[in-house]
Amino acid sequence: MKLELLFAPELFLLLGSLVLFFLTLGDSRGNHSKSVATVIGVINLGLCLFCLHQQGELFYHAYRVDLFSQFFKLIIAAGFLVVLLLGRALKGVRDGVRSEYYLFMLLSVLGLVMLVSSVELLTMMVALELSSFTLYLLVPMRDEATGERAQMEAAVKYILFGVVATGIMLFGMSYLFGLTGTTYLSYLLPQLRFMSDQPAVLVGIVMVMAGFFYKLGVFPMHFWVPDVYQGASNETTAFIASVPKLAAVALLIRLVTLVMPADHNMPLLLTVLAVGSMLYGNLLALVQKDIKRMLGFSGIAHAGYLLLGLLIFKDAGFATAIYYIMGYLVMTLACFLVICKVSAQGENLKIEDLAGLHHRAPLLALTMAVGMFALAGIPPFVGFMGKFMLLTQALKHGYLPLVIITAINTAISLYYYLSVVRVAYCTDTEDRPMVPVDGLTRAVSVVLMLLILAMGLAPSGILDLATSAIHGMPGGPFL
Amino acid sequence: MDFLILNEGFRTLSALLVLPLAGAIVLLISSSVTFARLWTLLITTIIAALSLPLYWGFDVSTARYQFGEHLAWIPSLNINYTLGLDGISLLLVLLTTLLMPICVLASWKYIKTRVREFMVCLLILETSMLGVFIALDFVLFYILWEAMLIPMYLLIAIWGGPRKVYAATKFFLYTLAGSVLLLVAIIALYIKTGSWSIPLMMGQEYSTLFQTLVFLAFFLAFAIKVPMFPFHTWLPAAHVEAPTVGSVILASILLKMGTYGFLRFCLPITPAATLTFMPYILGLSVAGILYGGFTALAQSDMKKLIAYSSVGHMGFVTLGIFVLNTQGVEGALLQMINHGVTTGALFLCVGLIYERTHSRELDAAEGIGKFMPIYITFLAFFSMSSLAFPGTNSFIGEFLILAGGFSQSKIVAGCAIPGAVLAAAYMLRMLQRITWGAKSNPHPEILSDLNLREVFTLAPLLVFVFWIGLRPEPFLSVMHTSVAHLLEQVHQATPHLMTAANLLP
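Taken in sequence, the protein lines are chains A and B.
Following my numbering, the numbering of the first sequence begins with 4 at its first residue and continues without gaps.
Following my numbering, the numbering of the second sequence begins with 444 at its first residue and continues without gaps.
If you're looking for bench data, these hints aren't it; they were derived computationally from the structure.
Incorrect hints may have been included.
Unchecked claim - As a list, the in silico DMTMM-like pairs of lysine to aspartate or glutamate whose alpha-carbon atoms are at most 25 Å apart: (1) K552(B) with D431(A); (2) K160(A) with E350(A); (3) K747(B) with E809(B); (4) K613(B) with D431(A); (5) K555(B) with E350(A); (6) K353(A) with D293(A); (7) K613(B) with D356(A); (8) K635(B) with E916(B); (9) K555(B) with E433(A); (10) K399(A) with E648(B).
Stated by the list, open to error - Taking beta-carbon pairs under 7 Å as the criterion, some of the chain B residues facing chain A (in silico): (11) L514; (12) I517; (13) S519; (14) E589; (15) A590; (16) A600; (17) L619; (18) A620.
Unchecked claim - To spell it out: a stretch of chain B is covered by chain A in this simulated footprint if at least three of its residues, at any positions, have a beta carbon under 8 Å from a beta carbon of chain A; those stretches are: (19) 591-598; (20) 602-614; (21) 624-635; (22) 645-652.
Keep in mind it's a predicted model, so treat the numbers as computed, not measured.
Built from N, CA and C at the ideal position, the CB exists for glycine as well.
Chain A with its partners taken away, still in its complex shape (with noise of 0.2 Å):
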């Protein structure tokens, strides 16, 4: 196995935001960076694509490839990929730091990209920061114009808040270190099932969880997530609403893992903290007006949903949770891709900016309304799919209750996505403009809305794919 083909798609990223670091030097407004970093989003795509079925250990088995980490990178770069192609217009970020806006968002990806990939608790951390920090730069990058200077307290949110939960995170990986002496998975997982009766052993995972709840939005690590949904520019709020929580999740998984199946604490703890998430999110968004906000709080009580999967311990349910949120990415960048294309200036939208839609154009809102009914889970959408295998799952295992409760929120939640459809369909235009889409926009467009329909009417291939992934993981036999 060729050393360069494990790394290539980490070692073409790097490359990438070389020669975006070069651009920035002389091209302040950001045209050719636009260009460079789409050619590299593309050519990131294809090389995870071939590079899928890889194996392999590097730098002292800190850092392992496998199908679970490849996959993931499949996804993120697809992430990657469509939502450079949805903000190309680049509106709500002032003029002076558009290349620096696509290096960082490259770092940031390719600290994502690492991620997925760490097996060892430095490596993750180090990997975890290298994709936050930039992440926190691109938040205050907005105009201020149309940011109204939320954007400033949102980034500031966003970084204490992120301080604060890496900062939980690395006392627990002191914990977890300080139990067996190591910092590798491979050595942790035995060790700690080993000493599963140990509360220290269940107080570190779960500290070292915080960190990725942090990342993925989950009750109570869920504050930054409408200030933030809000204050960034839209391009940058699709971004951290999509792409950062795929890691999120697969790191979720791998740590997941070390726990013992027969643990009865770790279930309860994820239980509350799915229905907190899906009470809170569902509850907040009812009222809320800002569309951006709106989808904050949804996506918090999606990470609830998402739970469902992680608590029941078997590799069915973390393969659902694979699919649930790979779902989410695309109707959630089905959203962001209207609410880009809306908004004029990069302004934010309120719900009643979308009225008359359906004339303005009738293509983004058939695409937001397949992203909102897919949203709420309403069949033949992914959305369905995803959280039907999850309650299947669930109550599979006996969470009765729970599956009851992610029943309810359902239809509670079905109410805020409704007016968004309601809104788009149901009302006059008032004089608001019409919306010009291109040819691209158009072709992004119904590639999401077909991916939502198909994900959703044939599962399989991807549940196989996920299904296959966790068998390879190093915790994967012990499920």
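Starting from the known structure of chain A, arrange chain B on it as the hints suggest.
Same frame as chain A, now just chain B:
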């Protein structure tokens, strides 16, 4: 798979599902309004023609599911694509396919804006409605059952009346809230049986508690859909605000899904719980019959009047289903078809007036008999059918239901009788005012009689009113075996409980 007779050769049922979708995709590409109308009419007519051989080819001697198709869909969860038709679903499928061309004709001039989108909604709706009746896999069923809400929501919310948004949202939320627990019940059944196949879930030994919980989840979903008193409040709002065709589809087909659900799921899957809850459901049915009748009597909006009459009529249907004897269930099944034909036709009639006067108030429609004689002829026959006049279709249905009711419980059936009288009262009141009225209509100049297209819309329904009314045997004969099998499933599973149910006065 011994419950399924696989279809060799042409896959009619799949064709019924795929054709409307294919038609909808073609419509998305085109842009001409006339083409949209003609194309949808063509597609729905082809589907209607395709579905007719189902009746001729139907084997009345077996209770197994016919024209079956079976393909693996999601193997890891054991989810299959299974379709089949039995005596319970056959007539409902035919009702759906035959009604759709009529709906397209009826919306020809009524829908003026966003015609193409309207037709796309109709076609998607047709796929999901047909799918609900022929799906034999619970996941497939649930997907189509829920997916149907999207086009129906859009039909009401875009092309509806002044309070359309309120009505559409209420309809969507109400129905979805009812069916989320249905999903939980379905998953619970899967975990018990290891299969999503609906026929395989029947006749299993479930504990009483499990049956009760599953039955309640089923009941909530289906009772909202029917709608049974006291879950009916979404219905008048949705009917009043929906466009004519929306009301027709809602009344004729969507409401039947609730009662179909009772027959297909509640009775055979949870027989013990069915018997436990039977007296209460009979009580609710009677309450619905009387409540619907009295409320209809007080309405001045014609659509509301017919909407409340639907509550009463569907009360008869649930009454027939839950008396659990052959006459009752067969009468209920026939009454489902009758209600689809008659109430659909009545909504079309109201729509025809609305197109002329732009009002649904009885006052505005007073005394139009002088100006629209052909229209009044149709309306009179449909009203007679609605009040179950002998010789019309509803008479046979209600007669069977009441006959079944009397053999089960004289008190329950006796309580339902005033419902039939009420139906006569509110229908004749409406008919009298529309035909003669107190004064002559203030706007005679806008009242043109029906044109040829409108006659073609109503005439087929009138044929069925008398066909079923005078010679019901072709319709009843297809359901005998399946109904007998269904009741056998209920009674076999719970012989000891039957005696308890017999104690009902």
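Structure versus earlier hints, numbers of those that do not hold, lowest first = 5, 8, 11, 22
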